[in-house]
Amino acid sequence: MLQAVPAPPLLDVKDLTVQIDTRRGPLLAIDHISFHIARGEILGIVGESGAGKSLTGAAIINLLTPPIRRIQGEISLQGARIDGLSIQAMRELRGKKIGMIFQDPLTSLDPLATIAQQLIETLRAHLPLSPSAARARAIGLLREVGIPAPEQRIDAYPHAFSGGMRQRVVIALALAAEPELIIADEPTTALDVSVQAQIIELLKALCAQRGASIMLITHDMGVIAETADRVAVMYAGRIVEIGPVAQIIQSPRHPYTQGLMGAIPSLGADRTRLTQISGAMPRLTALPEGCAFAPRCTKAMALCQTQRPSLTPHEQGAAACFLLEGATV
Amino acid sequence: MLAFSIRRMIEAWVVMLIVALLAFVLFRYVGNPVDQMAGQYTSLADRELMHKQLGLDDPILVQIARFLWNALHLDFGISYHFREPVSQLLMKRGPATLELSFAASLFAIAVGIPLGVFTGIYKDSLWSKFFLGVSLIGVSLPTFLIGVLLIFAFSVELHWLPSYGRGDTVALGLWQTGFLTASGLRALILPSITLGLFQLTLIARLVRSEMLEVLRTDFIRFARARGLSERAINFNHALKNTLIPVITITGLQIGSIIAFAVITETVFQWPGMGLLFITAVQSADIPVMAAYLILVSLMFVTINFIVDVLYAFVDPRIRLHAMSAT
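The listed protein sequences correspond, in order, to chains F and R. Each residue of the first sequence is one higher than the last, beginning at 1 in our numbering. Each residue of the second sequence is one higher than the last, beginning at 1 in our numbering.
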């Protein structure tokens, strides 16, 4: 798979660090992560629950709420810094430049407002449209996301839609003002398996039409394999491996990624036991001094207990493991 | 929607029937009506006659039917104390209480909801903490104390507002209103603040906690992510979603404002139903008490009914549920 030319990247994140202030002192939820997303590219972000995937998404459009806050990092969109924007400027950017889709379509829509009201207010918040023009546009959007008979359905309330249909509405809302980047935070986790593939296909097709990039946050490696161009694997607030999806799937370098790949069931392959990674991700309150994965790693060395590996380039990707730096046991 | 309303209406009538039966029991069996009306020197023969005339010899079911029939025609008999038909007394006193309650509710809602929204949105600001502190006083101080303090400050010391009575009233048909005269409006201020203060703080605190709850929900986050303005988020989405519990509580509170205006009316010598009720209790004026009981329940039942219908207006899910359930 050819990698999109990364210059200039649509989104460039450098050294993003997010901290949670607690009574017992600050916790590092995201620890100096850097990545970029090219125009039209789909970057998958995978990791276990609590690895910091969702916080990364929220940090980009500054939706973190106290006690969680970004303490460091540069975020640039099309070369212009967007961290440190005023509240007003950030509001204008949300939805207009960066759209966001949340995990649960059942709770993402205001239950007391019709689909029309929610679409029209979103359209008019960003585009100079008259109410009737916005309504026409809203119907068009619903048709695009595959809502049947949108002229009638648009005046329904969210409870009249099924989960899959609601997620389509959510996608329509996120795409309403034609953003250049969609941050999709587990967009299919709450849906029926049968609907998941449809929703992902839809999202992918609509973004491809518009030339929009997607940051796809999920813990479903299957979705990543089918959808993403590149993938970043997160573990305990850090990116442990990043690279083109084919490379990550076929020859993962980081022991954690290797463990993840071994844990994917497949129908065709010989039915041996799935490998599993023993132990659990460390709590943020008890991060080890060295590599956060070392306690669970089968290849851990003495070095791993005391020092943290940084991302080391490898082929077209990079992995944060001392094995790649040529260290030996 | 219509079927929903009708069903609720039937339920309301059942409640009223039960209350009316209670009122009947109160009227018939708490003391002997003849003893209440007859003087010390009434002869036994006269007593017998009264007993007959009041229909107390009739079978109990006939008495109940007669009582209900009369109540339906707003005929609650004659007050022992005032020697006047009870319905006439209530007609005279009702407007005073209703106007006072209306002003108090308006004050509570018009100040309470914005205060709740403000303290919900800016939960950490100093003003919010100040309001919450003050509202604690509103919740915990008894009504009569607030009334007396207000009288002391604004009537006794500052001479700004009258300390008792309704001021001048104007007759609109049967309705004596104080809304149309300057002195009537001035007289309304202190009692309605006194009566509405508790409700105000209750509404403000309720709206605040509901706002805090709703502002944490996913759809508010999604609304933010869509780039909506804070105003649209707070008022179009958040406030609207807090309204169901607020309507319930506010509705029931309006009921209790009317029913429990007794204390405020006593403090301010407000010539309303509450004052009438207190007098009735002091003089064991059973017909007045029975009528008051029925009237207050009618008020609660009506308000509950309105609240139920309002729900359906605010929340489409209840509309749907109600329609499919009938």
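Treat the hints loosely; a few may be bogus.
On the chain F side, residues computed to face chain R include the following (Cβ under 8 Å) [what the hints assert, rightly or not]:
1) GLU121
2) HIS126
3) LEU129
Because the hints were derived from the structure by calculation, they are not lab data. From the three backbone atoms N, C-alpha and C, an ideal C-beta is built for every residue, glycine too.
Consistency of the hints with the structure:
1. For the restraint placing GLU121(F) at the interface with chain R, the shortest Cβ-Cβ distance is roughly 6 Å, inside the 8 Å limit, so the hint holds.
2. The restraint placing HIS126(F) at the interface with chain R holds, with a minimum CB-CB distance near 6 Å, inside the 8 Å limit.
3. Here the hint on LEU129(F) is broken, as its CB sits about 14 Å from the closest CB of chain R, past 8 Å.
Violated hint for the displayed structure: number 3, the only one.
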